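Peer 1: For reference, the chains in residue letters:
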Amino acid sequence: MAIYLTKESKVLVQGMTGGEGMKHTRRMLAAGTDIVGGVNPRKAGATVDFDDRAVPVFGSVAEGIQATGADVTVVFVPPAFAKAAVVEAADAGIGLAVVITEGIPVHDSVAFTAYAKRKGTRIIGPNCPGLITPGQSDAGIIPADITKPGRIGLVSKSGTLTYQLMYELRDIGFSTCVGIGGDPVVGTTHIDCLAAFQDDPDTELIVLIGEIGGDAEERAAAYVRDHVTKPVVGYIAGFTAPEGRTMGHAGAIVSGSTGTAQAKKEALEAAGVRVGSTPTETAKLVLARLEEQRSLTHG
Amino acid sequence: MDLYEHQARELFEEHGILVPRAQVTDSPKRAREIARALGGRVVVKAQVKTGGRGKAGGVKLAADPAAAELTARQILGMDIKDHRVGTVMLAQPVDIEDEFYVSYVLDRAAGTFLAIASAEGGMEIEEVAASRPEAVARIPVDPAEGVTSAKAAEIAEAAGLPARTVDVLVRLWEVLVREDALLVEVNPLVRTKGGRILALDGKVTLDDNARFRQSRWGADDVEHDDALEAAAAAKGLNYVKLDGGVGIIGNGAGLVMSTLDVVAGCGARPANFLDIGGGASAQVMADGLSVILSDPDVKSVFVNVFGGITACDAVADGIVQALDTVRLTKPLVVRLDGNNAARGRAILDERAHPLVQQATTMDGAALRAARLATTA
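From first to last, the protein sequence lines stand for chains A and B. Under this note's numbering, the first sequence has 187 at position 187, and the numbering climbs by one with no breaks. Just so we're on the same page, this note's numbering is the position in the second sequence counted from 1, plus 1000.
Here chain B stands alone, though its shape is the one from the complex:
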């Protein structure tokens, strides 16, 4: 899960990293009060989980509380790269002397975390990394050792950061480890004219797998912009809404991704990604079908299952069960192969629903589902 800037800011503060004074609101009137409390002059920042906020006009300086209210009104509700701005953060401006970049990120290739640091922080760090890689230090961190003061000093020196950043580097590593984060990034980390080191903006990605041991996770933390996605999540389904007309259900992320590709290759667009996983029960199948059938964009549905651990007769039972609870209004193409496939096909043959048809190959089934969607 990606955190909002203000959540990352709070996390940094809890771990003893200096951050600007700031507060979050979804109300322009409240923005005026906050600005007054912060001394009048504030930076108004859109809270969205995407980059390029500044360029999109989502970060603005307001000279006084009245301007803060007006600016908050402009920014709230704004659309930044398909993210609607629901809250703004108002922060005390900082007198910046220098801007740096620091992050810890998972290096998948090495299987460890990597410290990335540069004395040239700010918005264009990717360009710096591409055009002058020598300006960006990359130091692997031994997971058994972590970032000690000595390690932090090594990182700071390699990147040409002032010695006073060492403490921040150590604390930032604590954030990464204690919060089970996959990424902590501060950009920019600034030195103020007064010489203080402040985290001005941050990005934190938490590891979904660590939910069971992190109290910070709440049920309301995962947001779904889409009603169908919310309904699927409520049923514990791994579902992503897409913009085409062929509903897709399959087992295993790899096979489902492959199914989307094969359908697209037949000239139709998939309506969704839905992985019912290994060992999927009849109930999961029925839940998945009911979500997909409630999508008005869906013209046909393709159920693509290779029974490895999942037994195809259980999948067929699920389809039959769904047919009893959901009124099937769209044609369903089913391809069952692998574990208990013959039994699964027989169950569907016996049910003999006029809108359900079976295909023996994945490519053949995809073509049929694609045609049904484009001619419907």
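Just chain A, with the same shape it has in the complex:
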């Protein structure tokens, strides 16, 4: 088990034939991902050779699903075309769309996340590194060789901080690591991942990484308090970051929070989450927490 992505996942790549798509499809294949096809209406019927594997290109997501039984798509198409790509995938009934593309206009993200929700498609991203279930499957751009399979679940807004923590805890290993993306509107939230990890028998402890802006971490803290029984360790970046753009009066009214790192840290700690002051200290807290957990179970 794991969350959202397993070795059974059959993965399509929208935008596979572009530069980034080619590069990362090769990496995903090397990580063991079952890439069953690419999607490009102008190259339908072609195949692309990746080392020892020939990957077919389909004219649409629907054709790809019909031919292969694909249930996941990874989207690399440029910002101007991302909305259409996601809507197409949702219309075709894909279960999970991982949107890597950076720089998508927010109005487009608002439109396609609402649309996908209605169609029953889970979106991860946009502007995210994707997700990896080490040893099984890698959907996106997270390097597969940083860590190994294990029992920590990780959810984060930030790509490189995810890598850093995966690296610090590489000897323990991870069930699934999800980079949800740093855009103001994302399809899958910290809370969604917390709920999934709580239900995942292979996840023993959850690492939650957040950063300044919005109030997603505060809401995640409330969720942990009310619904999560597994240990959660947190890290928040941005205590000394320059003050970001304020959204007029309306921003503060909506979130009801200042969005500062301090406010997020306090909210998490109030919910019983231990929060590290550096990535390295966070990793140490994880180790200590696992130790306690195991002595409770066995002692």
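Keep in mind the hints are simulated off the structure, nothing from the lab. Not one of these hints is a red herring.
Derived lysine-lysine pairs resembling BS3-like cross-links, with alpha carbons at most 30 Å apart:
#1 Lys1151/B <-> Lys119/A
#2 Lys43/A <-> Lys7/A
#3 Lys7/A <-> Lys119/A
#4 Lys1081/B <-> Lys1029/B
#5 Lys1235/B <-> Lys23/A
#6 Lys1049/B <-> Lys1241/B
#7 Lys1241/B <-> Lys1330/B
#8 Lys23/A <-> Lys7/A
#9 Lys1151/B <-> Lys117/A
In this text the structure is predicted, and so the values were computed from the model without any measurement.
With chain A fixed as given, assemble chain B onto it according to the hints.
Peer 2: Chain B only, in chain A's frame:
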């Protein structure tokens, strides 16, 4: 990008929303002429992208053209919350009967836009929202439906706004969608003694990601108060100047923010934020280093890279390349980990620059860079 009030006013006008007659200038003499053309009596308003203008003395009524010139002279050059006033807007005064508040704003939690409206507009809307939330209506807008007349009527009714605001609410939604705005706020939206509905002051934030499809964006729209920030922007770098002594370069916004925190935790202050992004090339690294080294406040530099997509050997090549073009005058602490880290470290070892030192951990590197900055 946040727009100035006068830009928001223009946008509203283009979309058929009534606004006071007004004009912008950076010259007191011209302010006198504008006041005369507007009928003599005008409101002189500082154009700055921050709130609290009124309290800071940046909004004043002038009784005649001579007073307008004098007032413009006082306000121009004024410092409002670290924003220097470069232009003033002169607007015809309006006989206000009622003041309302309306906005559309992104609700990150819900992933949709939210209409916020209140019959109690004016400067203290945040206080109203905090003390009497029932006086502020919040209505989510379905992105597929948008704000139709029926939806606008629902918003107006929930907030207790007069029916004549419905048209403004619909047009304001058009501004939001057509201009790819993340926020449109009118505060106050007023009813004049004559019964007209006017947008008296507005705030608009445009979505930077939508630049490619919005003609309104120009290269000169993004202003940089700081020369280093301007130089970095010219090279396409994601750089923010701060006030400390440790120059910071890293990859990925999250890791760079974390690096600032770790350096601060070591008792030093970061000199900047610089994210060289994923897949950063040697050129980007060299550009970043040269900007940071030209900052006189910088005492030491900390390069913190975790190679995910970025290959550490490319980062090391970038550092070596920069050492050939920029004379290194400050110590450089480099921490490379992840993708091709060993190769990257070897490249730096081979270059063996006396001012470049390597550290194996992020915390250790931060401590060393902090010490170098505080003892320099």
